[in-house]
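Using the sequences and the hints, build the whole thing.
Protein chains: 2
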Amino acid sequence: MKQSQLFTKTRREAPKDEVSKNAQLLIRAGFIHKEMAGVYDFLPLGLRTLNKIVNIIREEMNAIGGEEMYMSALQDKAKWEATDRWDDEKLDIWFKTKLKNGTEVGLGFTHEEALTSIMKDHIRSYKDLPKAVYQFQNKFRNEARAKSGILRGREFLMKDLYSFNVDLKSHNEYHEKARSAYMKIYERLGIGSLTYVTFASGGTFSKYSHEFQTLCEAGEDIIYVHEARKIAINKEVLTEEVLKDLGVKRADLQERKAIEVGNIFSLGTKFSDALGLNYGDEKGALKPVVMGCYGIGPSRVMGTIAEVWSDDKGLIWPESVAPFKVHLVALLGSDDKVKKAADDLYDSLTTKGIEVLYDDRDCGAGEKFGDSDLIGIPWRYVISEKTLASDSIEIKERKTGKVEMKKMASFL
Amino acid sequence: MKQSQLFTKTRREAPKDEVSKNAQLLIRAGFIHKEMAGVYDFLPLGLRTLNKIVNIIREEMNAIGGEEMYMSALQDKAKWEATDRWDDEKLDIWFKTKLKNGTEVGLGFTHEEALTSIMKDHIRSYKDLPKAVYQFQNKFRNEARAKSGILRGREFLMKDLYSFNVDLKSHNEYHEKARSAYMKIYERLGIGSLTYVTFASGGTFSKYSHEFQTLCEAGEDIIYVHEARKIAINKEVLTEEVLKDLGVKRADLQERKAIEVGNIFSLGTKFSDALGLNYGDEKGALKPVVMGCYGIGPSRVMGTIAEVWSDDKGLIWPESVAPFKVHLVALLGSDDKVKKAADDLYDSLTTKGIEVLYDDRDCGAGEKFGDSDLIGIPWRYVISEKTLASDSIEIKERKTGKVEMKKMASFL
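Quick note, the sequences are listed as chains L and C, same order. Residues in the first sequence are numbered consecutively from 1, following this note's numbering. Residues in the second sequence are numbered consecutively from 413, following this note's numbering.
Bear in mind the hints are in silico, worked out from the structure with no lab data behind them. Keep in mind that a hint or two might mislead.
[Unchecked claim] Listed next, with one range per pair, are the computed distances between beta-carbon atoms: (1) 335/L to 657/C: 16 to 24 Å; (2) 556/C to 397/L: 54 to 62 Å; (3) 55/L to 604/C: 27 to 35 Å; (4) 55/L to 662/C: 53 to 61 Å; (5) 662/C to 340/L: 39 to 47 Å; (6) 364/L to 471/C: 47 to 55 Å; (7) 502/C to 2/L: 36 to 44 Å; (8) 121/L to 632/C: 26 to 34 Å; (9) 179/L to 765/C: 27 to 35 Å; (10) 688/C to 336/L: 36 to 44 Å; (11) 604/C to 404/L: 34 to 42 Å; (12) 765/C to 4/L: 34 to 42 Å.
[What the hints assert, rightly or not] In silico DSS-like links for lysine-lysine, alpha-carbon gap of 25 Å or less: (13) 34/L to 682/C; (14) 79/L to 512/C; (15) 764/C to 127/L; (16) 798/C to 814/C; (17) 147/L to 532/C; (18) 699/C to 539/C; (19) 647/C to 502/C; (20) 669/C to 433/C; (21) 90/L to 512/C; (22) 368/L to 340/L; (23) 352/L to 406/L; (24) 96/L to 510/C; (25) 491/C to 98/L; (26) 120/L to 77/L; (27) 737/C to 421/C; (28) 446/C to 79/L; (29) 508/C to 147/L; (30) 313/L to 207/L; (31) 77/L to 510/C; (32) 207/L to 90/L; (33) 339/L to 539/C; (34) 9/L to 532/C; (35) 814/C to 596/C; (36) 77/L to 682/C; (37) 287/L to 120/L; (38) 421/C to 79/L; (39) 147/L to 510/C; (40) 9/L to 147/L.
Computed from a prediction, not measured in an experiment: that's the story for all the values here. Glycine is no exception: its CB is placed at the ideal position from the N, C-alpha and C atoms.
What follows is the structure in structure tokens.
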């Protein structure tokens with residue numbers, strides 16, 4: 001797309017009340033707009049990156065048999081009372097509101113209750129299992145403090161998958177599949193090398209849950225990394241018992257700050273018992289369905305990438321999630337020559353299916369280069385009178401700063 | 413996809429409290445689930461159809477220069493007070509809730525206030541105009557009555573585009589472009605022949621607004637159709653003056669019930685005045701931006717299609733929005749022959765990029781045919797021992813009921 005048509009402008013300063021690095025950079029580069037603390041709008045560049053993250057996650061969820069659906073934000077109180085998660089004394093993150101007739105409703109912060117109820121219409125027999133269902137949907141959490149930009153939103157996008165199995169054995173098999181799919185996702189998102197499967201507190205049905213933690217100074221979690229094993233332990237469960245369970249020595253662990261970029265959790269029969277989700281087994285006996293849940297927040301992941309892949313000049317997007325692959329920057333001269341060459345190159349690249357942001361604006365080189373570094377597209381192609389003198393383009397990789405000249409002809 | 417893997421099942425009866433035809437059919441066919449009155453979840457088949465509607469609208473919005481973004485549901489009270497649209501006495505469809513610190517916030521039912529405020533960061537000069545910005549986003553409206561299924565939701569998906577121009581003349585030009593784009597959208601959605609540009613009440617800045625009304629007995633609006641001119645007048649503005657303005661005779665109009673499937677509205681400078689969205693013109697003088705808004709509710713459109721394209725057996729999707737193009741139904745016999753032929757055909761069709769729902773379930777022909785008619789996929793391909801005896805497939809068009817036999821070889 002042509003930058004002259006993009007409605008957003010970059011800005012030198014983030015709003016004064018914005019203290020998080022991810023939001024400061026993303027606001028300055030025109031990816032997001034701050035509506036209020038913990039509530040952000042996604043501007044065109046930001047939505048492009050968010051959608052790329054979503055699509056990577058979607059592909060991997062489909063690959064492990066996930067069926068996509070979409071549930072409502074408005075939640076029926078009765079279902080949440082059945083699982084004892086409605087009362088503000090029990091759960092203090094609800095946003096609640098009222099229908100015109102006075103009926104209280106909530107804004108969903110997760111969807112176990114809603115989906116378990118839906119599945120009652122569709123699961124009757126062991127033949128209807130296993131199933132895995134997921135959605136990308138905006139969650140609402142009434143956070144008392146929301147100072148971490150898009151890392152911790154009051155309204156934020158979540159991918160939540162739920163699994164339904166006949167027993168713990170088949171649940172555990174699916175859980176393992178999901179764990180592999182998650183690591184593949186972080187790999188594809190460009191944060192695989194920084195992300196650790198982390199043992200955290202479990203529940204009634206499993207001793208531990210698994211978090212996925214990405215090393216980052218802005219993280220709110222403290223984890224203990226076992227580098228050789230590529231695993232970690234959340235500080236909240238670090239005991240002698242855990243060390244023994246995992247067969248690791250305290251001395252081999254390093255304390256690090258990290259951001260939780262996903263979690264997978266065995267729910268056992270907690271929700272199926274409370275809401276009556278049962279199936280008939282081979283002998284006709286009624287049994288509760290064994291469930292699991294698997295979350296990744298695409299907007300939180302986007303914030304994490306902005307935290308870990310950025311420098312003092314701006315953002316540095318991995319290619320897989322960059323809003324565009326190439327930032328074509330034309331340094332317009334006194335005649336039309338540069339403009340024409342850049343237009344041709346833009347047409348040629350886009351025809352080949354390469355996503356290009358084309359800076360065709362009538363402004364100086366300093367402003368263009370500053371904006372390009374701030375926006376952080378992986379490859380910057382510069383055309384100027386100087387590069388045209390040798391029929392070339394100057395190519396700079398945002399990540400390494402490495403510059404090389406390439407002949408125009410090789411792109412046309 | 414294989415129907416044995418689809419988690420939803422069809423059902424004979426809709427919930428008793430569901431009185432609208434669209435929701436009854438869509439629930440029975442497994443497209444949606446009713447969470448509460450006016451609040452529905454989109455199950456896999458429903459989400460597929462909804463996404464097809466969304467993509468058609470997106471393509472046409474991009475074609476008229478729309479830039480896609482995504483705004484939050486949570487709304488800042490102060491902006492809505494500035495336009496005098498916060499007070500429940502003035503607007504009685506708000507859902508309101510509170511942050512932990514007691515600050516009141518609303519759930520957006522439209523986004524003029526939010527977007528006008530965002531644009532203040534990006535529009536300074538006449539050079540920054542024109543712009544058109546849109547989103548697909550869930551709106552919340554606290555409807556006192558919500559008995560029309562997905563035609564009138566308390567939570568529903570909306571495409572809202574907003575235009576920004578230097579003056580009324582350029583606004584009007586864009587408005588005309590948008591009007592054409594809208595008619596093209598309804599054409600592509602399969603309801604073009606039933607949909608009329610309808611003159612409705614305007615505002616301070618234009619005498620009329622334009623609604624797009626689809627003829628349907630379930631509609632809440634009364635319109636007067638001028639068949640020859642392919643326009644209509646909303647009952648609420650039918651006066652001698654309007655007839656004169658449009659140059660039509662009362663006698664040429666037919667009274668019909670209709671569903672409003674879209675509207676486009678000139679906002680003039682109402683929001684830019686109230687929120688201070690100005691630009692500097694060629695001489696440096698500060699002027700308010702002229703705005704327009706352009707809405708289509710994809711979920712309402714889906715409900716409209718279900719109302720107008722259905723019969724006593726079920727839904728009849730136009731090809732452009734059907735969840736799948738082909739419903740492959742295998743009537744499994746005593747040996748593996750039918751299963752193998754159907755598997756091969758399924759692989760062959762999907763390899764060619766044709767979207768197929770493959771009924772590979774182990775159940776009777778009656779149940780399979782009933783489900784197929786209810787789900788309403790445009791083409792039903794039946795493979796059975798009987799069709800294989802002549803190396804053929806039986807092809808039935810859902811819309812016309814026309815049946816023909818075609819040789820297997822032509823598909824492989």
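key: Enumerated hints in conflict with the structure, sorted upward   = Numbers 1, 5, 6, 11, 15, 30, 35 and 36 - these are the hints that the structure violates, sorted from lowest upward.
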